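**Q** Please model the entire structure based on the sequences and the hints provided.
If you want the building blocks of each chain, they are given just below.
2 protein chains.
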Amino acid sequence: MKKHAIFALAQTELADVEQELASIIRSRVDLVTDIGSHLLRAGGKRLRPALYILCAKSGKPDPAVLTPVAAAIELIHMATLVHDDVIDNAATRRGIATANARWGNHVTVLAGDFLFAKAFSLIAVHGGNEALRILTGTICAICEGEISQAKDLFNPRQTEEDYLARIGNKTAGFIAASCELGAITAGLPPADVEALRHYGYAIGMAFQITDDLLDVTASSEQIGKPAGNDLRQGVLTLPIIYALQHSPQAGELRRIIEARDMADEQVRRGIAAVHMTDAVEYCYSRVSDYLATARRVLPSSLPAEVHASLRNIADFVGLRKY
Amino acid sequence: MKKHAIFALAQTELADVEQELASIIRSRVDLVTDIGSHLLRAGGKRLRPALYILCAKSGKPDPAVLTPVAAAIELIHMATLVHDDVIDNAATRRGIATANARWGNHVTVLAGDFLFAKAFSLIAVHGGNEALRILTGTICAICEGEISQAKDLFNPRQTEEDYLARIGNKTAGFIAASCELGAITAGLPPADVEALRHYGYAIGMAFQITDDLLDVTASSEQIGKPAGNDLRQGVLTLPIIYALQHSPQAGELRRIIEARDMADEQVRRGIAAVHMTDAVEYCYSRVSDYLATARRVLPSSLPAEVHASLRNIADFVGLRKY
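Chains as they are written, first to last, in our numbering: chain A, 11 to 332; chain B, 11 to 332.
Calculated from the structure, these hints are not laboratory results.
Just so it is clear, the structure is predicted and the values come from calculations on it, not from any experiment.
One or more hints might be untrue.
When chains are identical, the list treats them as one kind, so a pair holds in a single copy or across two.
[Unchecked claim] Calculated lysine to any residue pairs in the SDA-like style (CA-CA distance at most 25 Å, straight line):
(1) K70 / K161
(2) K55 / V75
(3) K161 / Q29
(4) K55 / R112
(5) K161 / D95
**A** Quick look at the structure:
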């Protein structure tokens with residue numbers, strides 16, 4: 011199923027969001043506008059604003075709230091990606107040169123801060139305090155998740171539990187918040203707000219595990235960045251953690267990780283150690299569990315087309331191969 | 011005059027702000043708390059929260075607003091400093107190791123984001139939309155100012171006007187916003203809010219020009235960072251821009267700047283070219299002009315002790331030698 015198909019119900023609103031984004035990143039400093047436009051052109055799945063909009067369409071959302079809040083959600087996501095790329099010294103994202111590769115870390119950290127500030131200014135004017143509270147809490151959790159990840163780089167003693175807590179903070183919390191905000195914008199009762207938050211969290215966990223799995227299963231061309239990149243950078247994901255516990259080559263994998271500085275050959279052998287186990291199947295089973303939860307917690311009282319769209323997204327995340 | 015003397019009227023409230031800061035930076039991730047504590051211990055002038063509090067004391071500020079908003083202002087300042095240090099690859103600030111020198115850029119960018127998010131969450135709960143609008147606008151301007159600065163590194167063709175616009179965005183706008191917010195918290199009439207904003211802007215311009223001047227007049231020990239650092243990094247400040255127009259050694263200064271990679275000897279000769287002119291006197295005269303404006307725009311209707319404190323601050327900025 012194609013991306014535009016799963017977000018079909020939100021298509022008109024997503025087009026408005028693109029316009030809002032293009033307008034908000036304009037600055038009197040040309041370089042700021044250039045960087046913002048580059049980031050917008052680099053695109054992305056717009057998963058978070060799409061989920062926000064879909065959940066909001068459970069009610070009759072005010073367009074004067076819907077578009078700016080959706081745009082703010084994407085701006086925050088863009089800002090975290092920009093800072094991530096600086097942190098990772100990434101040269102490309104989705105096959106396109108990163109802002110830091112093109113303009114340097116210097117300006118890119120600031121461009122990220124600019125996007126954060128623009129996002130909060132949109133929320134301040136259109137979203138209200140509840141939205142702001144949820145989103146600031148989300149950003150704190152993302153930073154905590156990323157800092158935990160940084161602390162645990164190349165640490166082969168981390169557990170599946172550490173990993174799940176980290177991606178909960180880093181990814182799932184934000185997707186949960188997007189759904190929760192949508193439910194609030196729709197004016198749903200508290201139990202449904204909580205259920206959609208839960209749905210978003212489960213989708214987010216499934217999404218991140220899939221993403222991490224692709225790093226050891228897909229080719230560089232498919233994912234638009236070098237395969238095995240997480241391992242090389244010392245970010246130990248679920249398939250690696252599983253292999254450290256179950257692979258006949260666990261000892262070698264541990265030594266490769268602890269030696270830190272991996273050439274292509276070490277990365278290749280590390281990934282080979284993963285494929286000597288059922289790590290891939292195991293990760294897919296965890297993804298399936300989360301998606302089953304996502305489907306189960308969806309309130310049956312949602313409008314039929316919203317319910318169907320949110321179910322479709324759960325199906326799509328499970329099918330994603332790159 | 012000592013720092014504690016000029017902020018005497020805000021002393022009790024500033025102590026509350028320190029407590030609030032110590033509490034807000036606590037995180038379930040120990041490393042986040044460690045970095046936050048390190049940044050708090052590194053200290054700082056607390057100029058922005060002090061000005062906010064002093065202006066707020068023109069009325070009867072609600073402590074439930076005053077402390078968190080003052081803390082949020084300082085958190086935003088801390089976040090921008092942390093990101094600045096990453097950008098500059100600075101090893102020390104105020105004589106103490108920077109967070110990036112101690113923990114790496116990786117974690118430090120995220121710690122800055124964490125502080126931003128905490129600041130906005132305080133403002134969301136306690137400050138209201140007006141405060142949020144003012145502060146997000148301020149951060150956008152800071153980013154624009156810093157990005158302009160980055161674009162104009164080692165550019166000897168920049169003018170005094172470019173410089174003034176840049177430090178207006180980078181520094182004076184934030185100090186203006188702190189005073190404006192204080193006036194709003196005090197419930198002052200719009201004309202006085204505007205006047206205190208103007209006062210803060212003038213103080214901020216004087217403050218930044220003085221700071222930039224110290225880079226070419228003070229010793230490394232006095233300013234707690236290497237003297238001539240701005241020039242070495244290609245940040246052309248008012249005394250340098252003035253010397254490029256007036257020094258008999260302007261040609262050499264331009265060549266040193268355009269060659270970019272400066273050894274100590276080039277920095278020394280660059281600064282010597284500045285001292286062949288009346289650049290220092292000229293900068294002090296600009297500082298005096300701004301401080302005269304600051305004193306002039308202070309509303310005479312302010313409570314006598316607030317008025318006296320704000321005048322004292324203007325006097326102090328003019329006397330600062332390091």
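**Q** I'd like to know which numbered hints this structure contradicts. Please list them from smallest to largest.
**A** 1 and 3
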